Amino acid sequence: MSFKNYKDFIEEGDLVFAWISRGMIKPIHVDSTQCLNTRYGTFNHSSMVGQRYGSQIASKTGYGFIYLLHPTPELWTVSLPHRTQIVYSPDSSYITQKLNILPGSRVIEAGTGSGSFTHSLSRTISDTGKLFTYEFHEVRYQKALEEFQDHGLKNLQLTHRDVCKNGFEIEGEVINANAIFLDLPAPWSAIPNLDKVINKGMKTTICCFSPCIEQVEKTIHELHKQNWTSIETVEINHRKWESHKNMVRKLDDVIARLKDIQQRKREGVEKLRKARDERLNKRPAEEEMENDDGEKKVKTQNNYKKDVNVEKSQSFNPFGKGLRIKQGDPNFEWKNVSKDESEIKSHTSFLTFAFKLPEF
Amino acid sequence: MSFKNYKDFIEEGDLVFAWISRGMIKPIHVDSTQCLNTRYGTFNHSSMVGQRYGSQIASKTGYGFIYLLHPTPELWTVSLPHRTQIVYSPDSSYITQKLNILPGSRVIEAGTGSGSFTHSLSRTISDTGKLFTYEFHEVRYQKALEEFQDHGLKNLQLTHRDVCKNGFEIEGEVINANAIFLDLPAPWSAIPNLDKVINKGMKTTICCFSPCIEQVEKTIHELHKQNWTSIETVEINHRKWESHKNMVRKLDDVIARLKDIQQRKREGVEKLRKARDERLNKRPAEEEMENDDGEKKVKTQNNYKKDVNVEKSQSFNPFGKGLRIKQGDPNFEWKNVSKDESEIKSHTSFLTFAFKLPEF
Amino acid sequence: LKNITHIKENEWVLVRLPSQGSKLVELKKDRVVSLGKFGNFQVNQILGYKFGQTFEVMDNDNVKPVDGRPVFDEISASIGGGGDDEEEEEEEEEIEVEQQQQQQKQQGKQQANENQEIANQLQNSADQTNKDKADIIEKLMKFSEDNSNLVDLGAKVQTLSTLEIEAMKKQSYSSETGRKIIESIINQHGNFDKKTKYSQAKYLRRKREKYSRFFIIEYISAKELLNYYIDNKDIRKSLDLSEESMAYILNLANVRPGGRYLIMDESLGLLTYCMLERMNGQGEIVVVSENEHVNLTALERYSNYPPVYINKMVKTIDFLQFISPIDDILASDEACAFFKPLPKDEVDKLSKTKKARYVKKFSNYSDLIKILKTCKSGNFDGLILLTTLYIPSVLESLIGKVGGSRSVVIYSQFKELLVETFHAIANQNIPILGASVYETRARSYQAVPGKIHPVMTSRGGGGYVMWGTRVFQLEKVEAVGKGNKKKKQKMESSP
Amino acid sequence: LKNITHIKENEWVLVRLPSQGSKLVELKKDRVVSLGKFGNFQVNQILGYKFGQTFEVMDNDNVKPVDGRPVFDEISASIGGGGDDEEEEEEEEEIEVEQQQQQQKQQGKQQANENQEIANQLQNSADQTNKDKADIIEKLMKFSEDNSNLVDLGAKVQTLSTLEIEAMKKQSYSSETGRKIIESIINQHGNFDKKTKYSQAKYLRRKREKYSRFFIIEYISAKELLNYYIDNKDIRKSLDLSEESMAYILNLANVRPGGRYLIMDESLGLLTYCMLERMNGQGEIVVVSENEHVNLTALERYSNYPPVYINKMVKTIDFLQFISPIDDILASDEACAFFKPLPKDEVDKLSKTKKARYVKKFSNYSDLIKILKTCKSGNFDGLILLTTLYIPSVLESLIGKVGGSRSVVIYSQFKELLVETFHAIANQNIPILGASVYETRARSYQAVPGKIHPVMTSRGGGGYVMWGTRVFQLEKVEAVGKGNKKKKQKMESSP
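Chains as they are written, first to last, in this note's numbering: chain A, 1 to 360; chain B, 1 to 360; chain C, 1 to 495; chain D, 1 to 495.
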């Protein structure tokens with residue numbers, strides 16, 4: 001199926017990831033009777049059939065565009081609605097590496113959660129490996145069951161089970177796991193059940209995924225009690241950066257602009273003075289009055305300011321103040337900069353790793 | 001004294017920070033009979049007198065240079081030998097801000113430790129404030145006592161005391177603290193002693209500084225028990241970046257270089273062929289032999305390589321391979337980049353903040 | 001400087017709300033202040049209490065001061081207290097709630113509109129029967145004891161109970177409304193997540209925070225104002241400056257009473273306010289700006305410092321004035337261009353109105369001359385740049401006015417611009433020693449014993465700080481011969 | 001692919017030492033391997049055991065396999081076990097030790113030399129009396145029950161006891177040496193930090209790690225080799241690439257069996273090795289390089305993959321070959337320039353030597369043609385760049401060979417270079433969608449219950465990863481008119 005090998009052209013029934021915008025990817029099954037509605041317009045599924053994966057297509061009206069992407073576990077993780085229990089790629093990739101999960105690995109995952117890590121593990125262990133994944137939450141189990149079938153993940157077995165109470169054994173299966181991932185509220189209560197299902201002929205590795213430090217503490221105690229060694233705890237700090245351009249605003253231009261403003265003001269003041277002198281010559285008494293009258297004075301100032309405003313449009317404007325400038329506008333100088341997200345995922349979970357030596 | 005106000009010229013007896021190199025600042029007392037020995041040469045103290053603070057001076061031989069800096073709490077922290085208990089500026093500045101420590105503040109600090117934070121606090125609370133600092137470790141207490149006198153920190157009172165056992169009260173003093181900083185192994189055992197020395201007429205703030213999460217847990221419990229509110233725990237993540245230049249090595253040059261190598265090789269091969277043809281014409285039998293003789297063949301190849309090596313010096317070398325290029329050498333193109341330290345301080349302590357409301 | 005222990009009229013204060021939000025309010029006597037859904041209060045009733053006081057909103061805009069620690073906090077602490085016995089409980093719930101919240105946040109206005117629509121429907125339709133209520137309860141019941149049957153309905157449940165609460169609010173506006181609402185929530189959700197005690201407590205805390213009618217009055221210190229701006233205003237306007245970066249800047253720049261600082265402040269005056277607090281009325285701040293008028297809105301509007309105090313401590317000047325010879329400025333500046341100081345006897349001869357006018361002009365004129373002289377003489381005790389201008393060009397212009405061995409502290413939203421500045425310092429031989437770039441970020445933890453972890457999401461950004469020292473380089477270094485030139489280059493490149 | 005459960009001769013293995021260091025060793029039969037101060041072992045005695053086995057060094061280079069978990073770990077765990085009862089103990093000690101260590105590290109060679117000098121003095125002077133020992137003990141006693149009297153003597157104490165230990169080592173080299181040394185340390189320091197149980201344990205663990213004579217044999221997986229290089233080699237040679245960045249790259253690039261990947265690998269082949277493990281013998285990797293010969297030292301030397309296997313999976317090609325038309329290459333390439341394929345009957349006529357020569361040349365020739373055809377046909381399943389070349393220029397040249405919707409993953413030591421790449425993608429219309437820059441760092445904790453905290457210092461660097469997707473942009477987009485052009489620009493700028 002579509003997750004397993006890349007194909008080049010989209011066919012009816014394929015799972016396609018519609019890339020609508022940054023951070024918005026929508027998985028769809030191509031069904032020529034359907035259409036996809038997005039804020040960028042409507043796209044007929046029929047227009048997707050025969051397209052290359054990776055193609056940009058136009059909406060029915062021709063005004064909006066989306067890209068048609070091939071499913072991968074990583075895009076799947078990004079596209080997941082913010083359901084519970086998503087293990088994101090920075091964590092899942094590191095866990096895979098540290099547990100030395102490779103094609104042929106036999107892996108235990110509990111719980112399945114959103115199934116995001118399941119997809120990634122299924123890819124990495126490949127046809128020669130096997131993944132045993134357990135979920136005790138009925139609804140999540142059903143949802144995952146559907147999804148895995150739908151996505152053609154065949155190298156795994158999903159079990160509806162509370163592994164803390166009922167262990168990992170599966171009738172008619174020798175699990176023989178060499179890598180274990182526990183994403184459970186109380187991993188310490190599942191750890192004692194592992195001895196019956198791990199491969200005792202080789203080094204077995206484990207990772208427990210817990211958000212709170214107190215869980216880590218209990219987990220370490222239990223791992224040690226159960227003879228796991230080389231216990232290590234880490235957390236993954238992850239940041240995402242977007243690239244931007246920042247306008248270079250040099251002092252020379254600042255000073256030129258200030259001079260320009262001065263000049264304009266001086267001209268404005270000259271005008272005012274002339275006007276005043278004219279008035280003074282005509283009505284000296286009124287002028288005196290005006291000085292005692294706060295309100296009138298303000299009015300004069302306002303008039304003056306208005307003059308300046310009128311002239312603003314022709315003034316020296318080196319940085320495009322008040323105009324809408326597009327980042328990177330070639331009329332200005334720019335520096336490349338980067339910016340992290342306005343809201344960052346500052347914590348996912350602590351990862352506690354250990355291994356068990358082969359039997360002597 | 002020197003820590004308190006900036007002065008412009010160095011005088012006999014002044015405390016001067018000799019900036020020897022990045023990360024190496026040596027505090028010295030100017031004494032014209034002395035000299036300072038560094039890896040950049042020897043500097044007579046007498047040559048420092050009368051210099052402006054901030055001056056670069058040359059060594060006796062004129063080959064090495066140092067800068068003469070004015071003491072500040074921040075430079076003092078940087079210059080401290082890696083003694084125990086240094087609260088570095090990223091932490092101390094944040095604590096000062098969160099505790100709202102300002103000129104006039106009355107502050108408790110326990111323990112004094114290396115005295116690095118003490119310097120910073122003394123500066124911020126200024127002459128109108130007062131700092132009560134406690135150290136239970138005899139040697140550290142003596143050292144700090146000397147240092148504070150030496151540095152002219154007069155707005156503080158250092159006490160040799162185990163505040164957990166014996167509290168904070170000082171005879172003849174109304175402490176009336178409105179900000180408290182506890183850097184103790186067991187802050188929870190000192191917290192109950194605070195009620196007697198805080199200012200009950202205003203909001204009082206506290207920060208407990210503990211490296212381990214379990215200490216944080218106990219501290220939170222005790223703070224809550226003692227009626228402190230708005231408990232918050234944070235840690236300060238700090239990174240330092242140095243600027244570098246990275247050479248721009250474009251593909252065009254790569255290809256031109258490969259072509260150049262090809263060209264030279266072809267010429268080399270041509271030469272070899274000519275040589276072979278000559279030999280073939282003269283000694284066809286020997287040639288056959290040579291082909292069966294691995295060692296001779298290798299020798300030929302070596303000779304050939306030698307030729308190439310000889311020519312290397314004249315070859316097209318767009319990136320200065322094999323040469324010692326200084327970062328920023330104007331013969332090459334560079335991009336500005338930054339790099340963090342090779343070893344980073346990944347943790348100092350957790351900071352737990354809370355406040356106590358004024359009495360009703 | 002001033003008494004900041006008690007609540008006084010005509011000052012701006014910060015009102016901390018149960019939602020963990022806050023509001024800036026000016027305490028005009030005899031007025032009534034509205035806190036939106038949390039009710040109103042009469043200003044006169046809170047005057048004279050100490051800052052940090054908690055009040056409860058009663059009927060008719062009356063308030064009652066509350067003893068002890070703030071009520072919002074009590075709840076959070078009660079969760080903390082129970083943390084230890086909850087070993088067996090499920091963690092998942094918590095994460096679900098947090099993620100739902102995140103999602104809701106992202107959906108933003110869209111959902112708010114939907115909620116409003118539903119609320120309108122409910123209010124408009126008179127034939128709203130009890131059948132709807134039954135539906136709600138039934139849905140809530142699905143959150144039964146075993147959360148392995150838990151359906152992802154969180155958002156819906158919240159929406160529905162919100163409607164009910166709105167209805168309750170309409171029913172009675174007694175001083176006990178908040179408390180009643182919360183009790184009602186507890187009763188109604190009695191069966192909800194029996195096993196997930198922690199989630200329950202957390203959920204209730206949120207509800208309680210939302211519907212309780214308590215508030216706290218805080219003094220608007222620079223720190224509080226900074227945080228208010230970060231939480232409530234467009235942070236791009238204060239250059240994305242975080243509290244931790246601000247704190248770091250203030251210490252690195254050695255800000256203290258009596259210091260004379262040259263700064264650029266594009267944080268709406270937040271930097272200047274923080275510095276003023278640390279200077280306690282001694283010393284001065286010269287703010288250079290690209291515009292004729294520096295925008296120090298935050299300071300001027302909310303700090304409660306009287307204008308005369310600010311004018312004494314803070315001098316503003318534009319770059320043209322800063323770089324021009326004094327005479328040029330006096331000849332061209334608006335305030336002085338048409339002003340000539342008169343001998344005393346001539347001043348005495350002026351009419352009353354003309355004299356007043358003269359005195360004012362003279363005051364402006366001498367202020368300007370004072371600022372200009374201050375700038376020209378230089379020897380500032382520190383340079384702090386918080387600007388969007390191209391930093392190397394600014395540095396070149398200002399560094400000469402900084403005293404020897406004083407700190408140079410430069411903030412930027414972007415590390416790249418500070419790296420650029422570093423190279424400019426090296427290439428253009430700007431006399432700044434040891435300039436490095438620092439990033440400092442506070443990471444918050446959920447401080448609930450038994451449930452301690454770093455918070456799941458937090459604000460990005462916060463900026464970068466470059467710190468160096470103004471020095472005087474030896475001129476003769478250049479001319480010591482080949483061997484030394486090498487050394488000299490090494491030294492040049494090391495800062 | 002291969003049996004990696006048991007230790008076999010002629011393979012490279014990783015020897016993990018009690019010092020937490022490690023060593024790469026080739027297991028040549030009948031040889032003796034030296035582990036420096038930890039002793040020697042005979043290769044034959046460890047063959048056939050499972051990977052992960054702990055051995056203890058006995059007399060005469062003999063080893064004894066040890067049952068159960070590694071001895072080093074037992075110690076760390078024992079500390080953990082006692083963690084809960086230590087509520088009242090002092091934390092300071094620990095920090096002191098850590099900071100002293102740091103200091104020692106920084107003082108580096110200097111101190112090492114000093115120590116050596118002291119050691120020499122001690123060894124050379126025959127009249128070394130017991131008075132010195134008494135001095136030592138007296139100094140140690142200063143670390144008495146109450147650490148409020150603790151003098152900052154840590155480094156000195158360590159120095160002195162090291163000398164004693166050296167002496168003990170000289171005395172006996174029995175299999176029990178390590179154990180005896182440690183016991184002796186315990187006895188001697190019996191009075192040392194009575195109250196600081198934790199520090200004591202930590203100190204002893206260090207000593208025990210240092211003097212115990214155990215080791216573990218591990219299979220050199222790509223992961224282990226990467227970490228070995230990070231810990232022991234000049235990380236600049238592998239572009240500062242951390243384990244977490246590598247892991248992230250492998251997943252983002254969707255590396256799996258059967259995939260065809262186009263890469264640049266300037267990590268000495270560490271990337272290629274990691275990829276080969278994930279591909280399990282299916283698929284291919286084309287490595288493009290700026291040089292005629294790609295440096296894959298780490299892979300070729302230590303991976304235990306036979307050359308024939310590597311050659312089957314990994315094709316190398318230089319940029320000139322990559323961009324030139326096939327005929328040009330065949331005409332110019334060293335391997336083919338003078339080679340013309342012959343009809344079969346002509347080949348048969350060749351003499352034995354000439355025929356062998358012909359067959360070899362033909363094999364090179366057809367290999368090259370195969371690689372060239374592979375490259376020309378393109379449609380690779382992923383592009384991974386780990387290069388110091390200017391990335392935009394490389395991208396422009398390679399992107400056309402990447403299949404639609406495949407991942408493009410670019411690593412750089414410097415974020416600035418990836419930001420530059422982003423802008424090049426936008427400006428030069430390189431067909432890559434949604435390129436963002438990511439930083440991922442693993443932060444280690446001291447995993448000792450009761451004493452949990454992030455480690456105080458850790459390695460900086462580790463690099464940045466850019467991830468995007470190769471797409472096909474609509475050509476006609478440009479020509480839809482003004483209103484649409486605006487939209488189009490928006491879309492262009494959004495990736």
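Think of the hints as simulated: they come from the structure by calculation, not from any bench.
Remember, it's a predicted structure, so these values are computed and weren't measured experimentally.
There's no promise every hint is true.
Unchecked claim - Sample of chain B residues at the chain C side, in silico, Cβ under 7 Å: (1) Thr42; (2) Ser46; (3) Thr72; (4) Leu80; (5) Gln85; (6) Tyr88; (7) Arg123; (8) Asp150; (9) Gly152; (10) Asn155; (11) Ile220; (12) Asn246; (13) Pro330; (14) Asn331; (15) Trp334.
Said to hold, decoys possible - Below, computed lysine-lysine pairings styled on DSSO-like, alpha-carbon distance capped at 27 Å: (16) Lys233(C) - Lys265(A); (17) Lys345(B) - Lys240(A); (18) Lys370(C) - Lys245(A); (19) Lys7(B) - Lys233(C); (20) Lys233(C) - Lys345(A); (21) Lys339(A) - Lys7(B); (22) Lys373(C) - Lys240(B).
Beta carbons: idealized from backbone N, C-alpha and C, even for Gly.
Now the hints, each set against the structure:
1. Look at Thr42(B): its Cβ only gets to about 15 Å from chain C, farther than 7 Å, so that hint breaks.
2. Evaluation of the Ser46(B) hint against chain C yields a violated restraint, the C-beta minimum of about 17 Å exceeding 7 Å.
3. Restraint check, Thr72(B) versus chain C: the minimum CB separation of about 5 Å is within 7 Å; hint holds.
4. Taking 7 Å as the C-beta contact cut-off toward chain C, the hint placing Leu80(B) at the interface is violated, the least distance being around 15 Å.
5. The criterion of a C-beta within 7 Å of any C-beta in chain C is not met by Gln85(B), whose closest approach is roughly 18 Å, and the hint is violated.
6. Hint on Tyr88(B) is violated. Least Cβ distance to chain C is approximately 10 Å, over the 7 Å limit.
7. For Arg123(B), the shortest C-beta to C-beta distance to chain C is roughly 5 Å, which falls under 7 Å, so the interface hint holds.
8. The interface hint given for Asp150(B) is broken, as the beta carbon of that residue sits about 19 Å from the closest beta carbon of chain C, more than 7 Å.
9. Nearest Cβ of chain C to the Cβ of Gly152(B): about 14 Å, over the 7 Å cut. The hint is violated.
10. Given the 7 Å rule on beta carbons, the hint for Asn155(B) is violated: about 12 Å separates it from the nearest Cβ of chain C.
11. Because the smallest distance between the Cβ of Ile220(B) and any Cβ of chain C comes to about 5 Å, under 7 Å, the interface hint for this residue holds.
12. Because the closest C-beta pair between Asn246(B) and chain C is about 11 Å apart, greater than 7 Å, the hint is violated.
13. The restraint placing Pro330(B) at the interface with chain C is violated, with a minimum CB-CB distance near 10 Å, outside the 7 Å limit.
14. Annotation: Asn331(B) was flagged as interfacial toward chain C, and the flag is violated, the nearest CB pair being 16 Å apart, outside 7 Å.
15. Given hint, Trp334(B) at the interface with chain C, is violated; its Cβ is 9 Å from that chain's nearest Cβ, farther than 7 Å.
16. Annotation: proposed proximity of Lys233(C) to Lys265(A) is violated, straight-line Cα distance about 34 Å (limit 27 Å).
17. Distance check on the hinted pair: Lys345(B) and Lys240(A) sit about 22 Å apart at the alpha-carbon level, within 27 Å; holds.
18. Proposed proximity of Lys370(C) and Lys245(A) is contradicted: the alpha carbons are some 40 Å apart, above 27 Å.
19. Only pairs whose Cα atoms come within 27 Å are accepted, and Lys7(B) paired with Lys233(C) is rejected, the gap being roughly 41 Å.
20. A distance of roughly 22 Å separates the Cα atoms of Lys233(C) and Lys345(A); the hinted pair therefore holds under the 27 Å criterion.
21. Simply put, Lys339(A) and Lys7(B) have alpha-carbon atoms about 41 Å apart, too far for the 27 Å limit, and the pair is violated.
22. The hinted pair formed by Lys373(C) and Lys240(B) fails the criterion: a straight-line CA distance of about 38 Å is larger than 27 Å.
When the structure is compared with the earlier hints, violations turn up for hints 1, 2, 4, 5, 6, 8, 9, 10, 12, 13, 14, 15, 16, 18, 19, 21 and 22 and for no others.
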